[in-house]
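**Q** Chain by chain, the residues:
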Amino acid sequence: MKSVEEIKGIIKESILIDRLELEDITAEEIGDELPLFGEGLGLDSVEALDVVAGIEAEFGVKLQGMDQGAIKEHFYSVETLSQFVHNQLAGEAVLE
Amino acid sequence: MGKNRVVVTGIGIICSLGTNKEQVISRMKRNETGIGQITRFPTDKFISRIGAEVTDYHPDLYFTDEEQRRYDYCSQFGIIAAKEALEESGISSGDYSLNRFGVAFGSCNGGINSLEEQGTVKELDLERTARYPFFQQGDNIAKHLGLHGPVNTINTACAASGNAIGYAFDMIRNQYADVMLAGGSDSMSSSVYSGFNVLQALNSSPCSPYNDKFGLSLGEGAAFVILETLERAKQRKATIYAEICGYGLSSDAYHETAPEPEGRGIQVAVDFAIKNAGIAKEQIDYINTHGTGTKANDSAELYGLRQLFGEEAFRKVLYSSSKAYFGHNLGAAAAIEYATTLLALREGLLPATLHFETPREGIDAANLIANEMQAHHVAYFLCNNSAFGGHNCSIVSYNWAAGERTVEAEELAPAKRVAIVGQGSVSRYGHGAGMIDFWQENKETVSSEVPLFSLKEYNKELYERRMNALSQYSIGAAHLALQDAKLSAAEQHSTDVGLFYGTSRGSLDSAYKYLSAIFEKGPEHASGVYFPDMVLNSTAGKIAKKLGVKGYGTSMSTGGNDGMMSALYAYETVRAGIQTHVLVGAGDEHSLLSTQVDAALGLADIDYEIGEGSAFLVLMDLEQAKLEGRDIYAELKGFGTVFSGQEKVEDEPQALREVAQAALQRADVKPSDIEFILIDGRFEPKEQSQDVQPLLELFPKGSVPLLSLNDRLGYCESAGSLLHLMAAANIMQSSRLAPVYGQEVAATSTLAQKPQGSCGLVISSSINGNYTAAVITNGYTHSS
Numbered sequence: 001m002k003s004v005e006e007i008k009g010i011i012k013e014s015i016l017i018d019r020l021e022l023e024d025i026t027a028e029e030i031g032d033e034l035p036l037f038g039e040g041l042g043l044d045s046v047e048a049l050d051v052v053a054g055i056e057a058e059f060g061v062k063l064q065g066m067d068q069g070a071i072k073e074h075f076y077s078v079e080t081l082s083q084f085v086h087n088q089l090a091g092e093a094v095l096e
Numbered sequence: 097m098g099k100n101r102v103v104v105t106g107i108g109i110i111c112s113l114g115t116n117k118e119q120v121i122s123r124m125k126r127n128e129t130g131i132g133q134i135t136r137f138p139t140d141k142f143i144s145r146i147g148a149e150v151t152d153y154h155p156d157l158y159f160t161d162e163e164q165r166r167y168d169y170c171s172q173f174g175i176i177a178a179k180e181a182l183e184e185s186g187i188s189s190g191d192y193s194l195n196r197f198g199v200a201f202g203s204c205n206g207g208i209n210s211l212e213e214q215g216t217v218k219e220l221d222l223e224r225t226a227r228y229p230f231f232q233q234g235d236n237i238a239k240h241l242g243l244h245g246p247v248n249t250i251n252t253a254c255a256a257s258g259n260a261i262g263y264a265f266d267m268i269r270n271q272y273a274d275v276m277l278a279g280g281s282d283s284m285s286s287s288v289y290s291g292f293n294v295l296q297a298l299n300s301s302p303c304s305p306y307n308d309k310f311g312l313s314l315g316e317g318a319a320f321v322i323l324e325t326l327e328r329a330k331q332r333k334a335t336i337y338a339e340i341c342g343y344g345l346s347s348d349a350y351h352e353t354a355p356e357p358e359g360r361g362i363q364v365a366v367d368f369a370i371k372n373a374g375i376a377k378e379q380i381d382y383i384n385t386h387g388t389g390t391k392a393n394d395s396a397e398l399y400g401l402r403q404l405f406g407e408e409a410f411r412k413v414l415y416s417s418s419k420a421y422f423g424h425n426l427g428a429a430a431a432i433e434y435a436t437t438l439l440a441l442r443e444g445l446l447p448a449t450l451h452f453e454t455p456r457e458g459i460d461a462a463n464l465i466a467n468e469m470q471a472h473h474v475a476y477f478l479c480n481n482s483a484f485g486g487h488n489c490s491i492v493s494y495n496w497a498a499g500e501r502t503v504e505a506e507e508l509a510p511a512k513r514v515a516i517v518g519q520g521s522v523s524r525y526g527h528g529a530g531m532i533d534f535w536q537e538n539k540e541t542v543s544s545e546v547p548l549f550s551l552k553e554y555n556k557e558l559y560e561r562r563m564n565a566l567s568q569y570s571i572g573a574a575h576l577a578l579q580d581a582k583l584s585a586a587e588q589h590s591t592d593v594g595l596f597y598g599t600s601r602g603s604l605d606s607a608y609k610y611l612s613a614i615f616e617k618g619p620e621h622a623s624g625v626y627f628p629d630m631v632l633n634s635t636a637g638k639i640a641k642k643l644g645v646k647g648y649g650t651s652m653s654t655g656g657n658d659g660m661m662s663a664l665y666a667y668e669t670v671r672a673g674i675q676t677h678v679l680v681g682a683g684d685e686h687s688l689l690s691t692q693v694d695a696a697l698g699l700a701d702i703d704y705e706i707g708e709g710s711a712f713l714v715l716m717d718l719e720q721a722k723l724e725g726r727d728i729y730a731e732l733k734g735f736g737t738v739f740s741g742q743e744k745v746e747d748e749p750q751a752l753r754e755v756a757q758a759a760l761q762r763a764d765v766k767p768s769d770i771e772f773i774l775i776d777g778r779f780e781p782k783e784q785s786q787d788v789q790p791l792l793e794l795f796p797k798g799s800v801p802l803l804s805l806n807d808r809l810g811y812c813e814s815a816g817s818l819l820h821l822m823a824a825a826n827i828m829q830s831s832r833l834a835p836v837y838g839q840e841v842a843a844t845s846t847l848a849q850k851p852q853g854s855c856g857l858v859i860s861s862s863i864n865g866n867y868t869a870a871v872i873t874n875g876y877t878h879s880s
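From first to last, the protein sequence lines are chains A and B. Those letters in the first sequence? Residues 1 to 96, per this note's numbering, in order. Those letters in the second sequence? Residues 97 to 880, per this note's numbering, in order.
It is worth saying that the hints were derived from the structure and are not from the lab. Don't take every hint at face value.
[Unchecked claim] Calculated pairs, SDA-like style, for lysine to any residue (alpha carbon to alpha carbon, straight line, at most 25 Å):
id, chain 1, residue 1, chain 2, residue 2
1, B, Lys617, A, Ile71
2, B, Lys99, B, Phe615
3, B, Lys609, A, Glu21
4, B, Lys141, A, Leu41
5, B, Lys179, B, Lys141
6, B, Lys141, B, Phe615
7, A, Lys72, B, Lys99
Given only the sequences and the hints, what does the whole structure look like? Please build it.
**A** Here it is, written out as structure tokens:
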């Protein structure tokens, strides 16, 4: 199973940089605690849904139908998202 | 002469509830829904398995084998509905000249099925790929029925066919046509379904707008209405369903997929519609709302309406969304909803919102027609639609089933004159505000090795990540044109400025990225960030958002004269006094996929290289521009538009002559007043060629040089016609004519300063023989 650190790397490189094509920033420059939305990376709601799709594609977890509230909570930063994915992979978390 | 009143005298529908209007309305009266299991493609990877498909459909009943090869489902549905509407109207071949009979078509997804069938965007076959571009389906309908009046495809996604009905209304009211088929079509698409899936917009059970279960159900189908003048309808003793009294458009300028949360955009469209109809808002009895069922749409829409009508007054207005009957039919939604509203009203009934149980938070359902049709007396009613890209449309109609509408003779405000007050362009000659004058000093083209234009370098504030080249060029050109006009949409009342945009293909680079992910990885891997660019109005939506333009907003595709068609539409909107300022533009983008589409359309071996870029004009009420002391480039005197349906000019050379005649006549200008003709097309207009003889015979022999700039600009499918219009405005102000188009013009390349009152003619053409022409003059200082 992938470690949280590995998951962080994949999220930054494959999802944020490659999939969302974030510009003027490199994977290394994305801080673990940097908020993905608003003042942080400035992702919008459509990009958030694309991150959901990216997580599904990269990690094979099923998140479709996840509501906006849960997205806001778990998708706050690379840190929270990686923990969430890790828990999903470990089968610990149950989706609401 | 007063303006024509416009009435509906025929209806045709095909949708999940049936293949003709009798089936559809009888099932609606039984409160049945057409939403069921999707059968066209696997849905096991999606959050929803359902949709509103046309079931039990047998193309053999309607089309020959050869026609079935030529027409995709989108075209087929459109033709079926159009023919039904035509048949019901009772119009026979002798009633109208086919030159005065046009088609206004709306579509969200055009020929997307033709790419899906191939399952790749890499090595495409020519025949199916040629069916993909969004102007083909509307052109197919016009060709199939042999119609030669104005033909235009509106691509404003889920508002497209409502806008098409509005455009058709304008065409008749402003006497470009006597009768129009207006409507829309869209077929079920696996890649569109994938996009709504990734955006989590789909409902896992049949949708019920305003209900507490969120989500929409996708549908498919087509509807058309016949519009004609009240006068002729009465003469023919036709059955009149309704009178279209006015309509309104707007841009949210807010977000690519979500509506402005307080419904400001739809509010502006309704406000325009009611004002244009010349009625009071208190006269509206019923609103057929867009109501998709999504969380974002329904509450925003009703909030906007409550603000417009007032809380108290809105409680007196009945409303419902019809989408629970037949799903969200996207580009056909407005037409299907409009047509079925008319069918219900004919029987004294109002359409209902089915499956309704519990109103969602913030929704007052007291006046919602829920679960079954209700009998009500309705005189004036609205049909509203809103779209991705932020485009909104509202139509005000009067129900003739409630009795004949009598109005006092309209006091007509004199038509406004229309001036060009700003220009901006991005072309192979670089980007700039003001005149394109590359012929003046033999300017060099920019290297084809580097991107034509970077919006990020031009102005970082206007750029967004992943912005495709088409949007970059177009936002750049629009911004330059506004600067040139010393105009800021943000400083003006933003709803005073309209945006009319033409693009034949949208960004095929974005489409390529979106579709290749689906074709290669599977539909559940659709990209939510590229899906919004699959609708062609995405670029117009982005321009509106970046520049704060919130007035009339529309986007269209004609396959070559898109820019001039946008100019015609904008010109009529200013002329009618609806908007004082408008941005008119068009754009094209090169990409891997566009090269394949070029090959499929036979553009790989034309007389010119393929060009790209964008051109924008700012048009204004001429008198107001003069009062404000603005610099005026030229006055637009009049437009004409015809559709030959022939790909080759040589097969119908009369069309060039007819469009020129129409423009001259509407401009009230004599052929001898024309000093030059600029022509935009795929062909080189050689003066000795047979193709242009009928056109040239209109003018005194040898008096008018005929030029094309495409040997310099490249063939820019959509923007080319506006680049020619800009060039014409500049020629009017210059002492020299462009030394373009080889030797023929060398002899006439230096003309004396053109005297006041000189006119030029600009003609644009499409791949299917769609022509739009304009007369332009420097005589604006004289009052006419």
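**Q** Against this structure, judge whether each hint is valid.
**A** Hints, one by one, checked against the model:
no., hint, result
1, B:Lys617 <-> A:Ile71, "holds (24 Å)"
2, B:Lys99 <-> B:Phe615, "violated (51 Å)"
3, B:Lys609 <-> A:Glu21, "holds (12 Å)"
4, B:Lys141 <-> A:Leu41, "violated (30 Å)"
5, B:Lys179 <-> B:Lys141, "violated (38 Å)"
6, B:Lys141 <-> B:Phe615, "holds (14 Å)"
7, A:Lys72 <-> B:Lys99, "violated (55 Å)"
The structure fails hints 2, 4, 5 and 7 (numbered hints given earlier, in ascending order).
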